[in-house]
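K.L.:
Line by line, the protein sequences are chains G and P. Counting in our numbering, the first sequence runs from 1 upward without gaps. Counting in our numbering, the second sequence runs from 1001 upward without gaps.
Keep in mind that a hint or two might mislead.
From the structure, some residues in chain G lie toward chain P, with a derived Cβ separation under 10 Å [to be verified]:
(1) T18
(2) N22
(3) E126
(4) R405
(5) Q412
No lab work stands behind these hints: they were computed from the structure. All residues carry an ideal CB built from backbone N, CA and C; glycine is no exception.
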Amino acid sequence: MSVHEVLGVLSLVLLAYTIALNLNYTLLLGLGWAEIAAYVRRRPLRDYDTVARSELSTPVSILVPAYDEEPVIVESVRSLLASSYRELEVVVVNDGSSDGTLERLLEAFAMAEIERVPRARLETQEVRAVYGSASEPRLVLVDKENGGKADALNAGLCHARYPLFCAVDSDTVLDRDALARLVWQFQQAPETVGVGGIVRIANGSSVRDARVVDVQTPRRLLVNLQIVEYLRAFLTGRTGWSRLGMLLIVSGAFGLFRRDTVIAAGGYDTTTVGEDAELVFRLHRHCREQGEPYKISFIADPVCWTEAPADARTLSRQRDRWQRGLVESLWRHRRMIGRPRYGLVGTVAMPYFLIFEALGPLIELIGYLVVPTAFAVGALDPMFALLYATLAMTYGLVFSFGALRIEELAFQRYRRWRCLVRLVVAAVIENFGYRQWNTLVRARACWRLVRGSRGWGEMARTGFGA
Amino acid sequence: MSGTVLAAVAYASFSLLVCLASLVAAKKLARNHSERTSRARADRFAEALAGAGPVELEARARAARRSRAAQEDLGVALARVRPGLEPERIEVVEGALAAAGLVAVVERLLGSRSSGRRTRGVLLATWFHGVRPLRLEPLLRDADPDIRIAAVRAIAIRRTPEAARTLIRLLASAPVPPERIVERLAGAWSVPVVAESLGAVQDAGVRAWLAEALGLAGDPTGAPPLMRGLETGTAEERVRACRALGRLGLRASIPALIRALNDEDDSVRAQAARALEAIPDARSLAPLGARLADSSWWVRANSARALVRLGPPGLALLELAAGKHRDRFARQRASEALTLERMRPRRRVVAA
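Next comes chain G alone, as it looks inside the complex (with noise of 0.2 Å):
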């Protein structure tokens, strides 16, 4: 086989692949859809503010792993205890901070030394003290050895105390209402043993006491093309497969779990840069093979924002950790793979990971280089190089923008026209650069990690009041 014909067979094959990813995506953005204009339907018959205000409902243990957070720690720590949720504890876990974040805390919120009795016991680096707070006894500080946030999140577990835990990144801020909508789908639905909330970005909005009040897009490019992938990734991708039962990934920013289901599954998997994914695999895992009825759901409404990188370098860190967490989360439990014991999980969502999301980056890059060097040496009709560049555009600019009319049907968050066509035209301007920077970074990160890389890379925070 020449050359020329190695060229234009792997440019066929590139081809059946991009077809393959769209037509799940197309799948998605119709399931996304479906869910949400169900959800709008029946919005208004939910009662959140009673279930936020009941002392009737399930009471929530909200755990915050917090390493060098001391710009935002007592913001975030403010944010959470003024959710309209009433029966809940924070329980911020510091992480062998080696800035003041104990110090900080200690102090903004009176706290003193007390014994708490650990209610599991999971393996985690020694506990140096708990504090409780005399000014709001509904806090609970746990400071420990640095031990990493899985780590940390385990502390937490072994200290909260209440039923459900949602577990939460220090640099946050949750609704008013978050906690009630996610509690909401435990009382619907009282299988579910885990629920993701939206994260959405805010940055160039306004946080005021610790709520965030006026919700704008900010000016800088990157974090717009952020916004319009969150949008996308949220509001089609995980709503599409929550709706299939196949649910694979609850946000580590924002997600609220049956604590006793995941004390016995072990607790967070401290040896993985992405505990959050390999929680909800391992969720799957352990109750399957208990014989379990169980159910872990995405709910568009319940809001969490964070600050997103707003340079490429903090960026590509971040994107960087998530892909060589996914991939690790997919190794570990590898043996789920294709298999019927552990239904649609193992049969559909978990291949479709592996193909198209792990392998995915290594898969465009490879298309990247191929197509145009086929086109280069012609081995490939130009015809045929145009339509498949304008297909691969084309569907990226049908699935921004079915997220942003989904976002405009049920949410409209972004009230200022302004917003939303810094959110246009960040949708275009993506397929021009970012989407092939964001490819490489996540290739990169499969190389890092088949080279050995543990290391989450550091995250710059300045804070919602910067």
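Place chain P on chain G using the hints.
P.N.:
Using the frame of chain G, we list chain P on its own:
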């Protein structure tokens, strides 16, 4: 490749882009418009419900029958103005809405086979059920959990003894989370029926939830059956009775709660200590002090907090316990409670 093809592809891509952007913008425009219209219409309805004559009111209600959005806006307006209306005015409104056939519309929706229509029906029922009783019981067994829970809400809106009895029956049988029923049941309007049922119901689980409802209702007339439940009920009933008595905050319940501090079940003891924290009284000083050495961490912690609430006598007892108590755990709990109390930004008002 010819320039024509390139131009055609570029043109097609650009057209698609414009088309997609227009779809998004059109959705935003449409939604902004419907929100504005809806707000203005609800305001007009509210004005009419508060002051228009029966004929005009009926004409407005008839007009609302024609569109879904208008029906919902009328419902929202009704929910908004109803608490401020005089009983005579409510009668006028009820008459006008019934004459306009809105209640009949809701009844038809409730009986529909389509889940979407039933969803809308039960939503309208939460607004219009106050106008005339609707047949909501079948919806309590609807396949859709949201409809079941909304039906509970709609039934409770009438606040009649019959509504209370329906909700109590549901506690034993319906596939609705009991918490959501008890929240709706909790109110002064239901206390006589709930108190009566507490003595009559055979199911201990239901009795426990009824105790919870009495506590949430905040009506002191609910206390006697709760105190009886504290003596004779199952552990779950005793826990809920303690919680309820703590919420009611009656001094008459203190002896019963002090006795509950010696209950065999640690959950009951912990809840009794918590209830006593809510009703600070010198009589509970020594019994709470004794519980500082309880075998359960939970009881010890709640007792220490309750002693803090007793003010100087409680703090003095905690000081003593922190220094000299023979039990290490009692010393720890006492010193912890004292430390937190000293760090508290503003001291509470002492009541003893």
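K.L.:
It remains to establish, for every hint, whether it holds in the given structure.
P.N.:
Hints, verified against the model:
no., hint, in the structure
1, T18, "violated (16 Å)"
2, N22, "violated (14 Å)"
3, E126, "violated (20 Å)"
4, R405, "holds (5 Å)"
5, Q412, "holds (6 Å)"
In this structure, the earlier hints numbered 1, 2 and 3 are contradicted, and the remaining ones agree with it.
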